[in-house]
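J.: Chain residues, written in single-letter form:
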Amino acid sequence: DAKTTQPNSMESNEEEPVHLPCNHSTISGTDYIHWYRQLPSQGPEYVIHGLTSNVNNRMASLAIAEDRKSSTLILHRATLRDAAVYYCILIRGTSYGKLTFGQGTILTVHP
Amino acid sequence: NAGVMQNPRHLVRRRGQEARLRCSPMKGHSHVYWYRQLPEEGLKFMVYLQKENIIDESGMPKERFSAEFPKEGPSILRIQQVVRGDSAAYFCASSPPGQGAANEKLFFGSGTQLSVL
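Residue numbers (the working numbering), protein chains in the order written: chain A, 440 to 550; chain B, 311 to 427.
Keep in mind the hints are simulated off the structure, nothing from the lab. All C-beta atoms, glycine included, are put in the ideal place defined by N, C-alpha and C. Each hint should be verified, as a subset may be incorrect.
[To be verified] Facing chain B, from chain A, some residues (calculated, C-beta under 7 Å):
hint	residue
1	Gln481
2	Phe540
3	Gln542
With the sequences and hints as input, model every part of the structure.
T.: Next up, the structure:
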């Protein structure tokens, strides 16, 4: 699977938007972009995923660059409960649930 | 609809003992995945099972580790003769039949924290 690059850590204040970037310059045409997050002492939790178009759900938005070499996870109003490690993962279209987790981005939310 | 259930939540074993970790997937899910998270490391895929079949065990250590997902009952990850290096959080995930994970999501359990003394 293609590699992703994320900042090690980011900080935000409560109630403010957060933009978490992910670079995936070697992405292939059939790779889906998935985001999971892991809260302390919990298993990973699905956040959002997309292929080419921007996506919105109740948790977040996913903005995908036109060339698909990067994407941004957007939390519109950060809460303390959003403090977690966020993972950007590419999954090939023919693949199954064998996810390759990198180090992710540790998001700290300040009250 | 209950989520993925793992038990026990915490498991303490002495070196040389056996550890059995259980995972009940979400209702209707027939695909199970096991992941391991060593201290200060990321999650690593271990094995992918469907009912009564091991599909991909490329991430499983060759010795002492085994996994099963019987027709009835939970999936079991078994570690024989545990060593201190097996201390980690073990997570199970499930997905429904017939889906390609690329366009769907996995549901993870809360994990079993294994501590080997």
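J.: Against this structure, judge whether each hint is valid.
T.: Structure-based check of all given hints:
1. Gln481: holds, 6 Å
2. Phe540: With a closest approach of 4 Å, the Phe540/A hint holds.
3. Gln542: Hint on Gln542/A: holds, closest Cβ of chain B at ~6 Å, below 7 Å.
Checked against the numbered hints given earlier, the structure satisfies every one of them.
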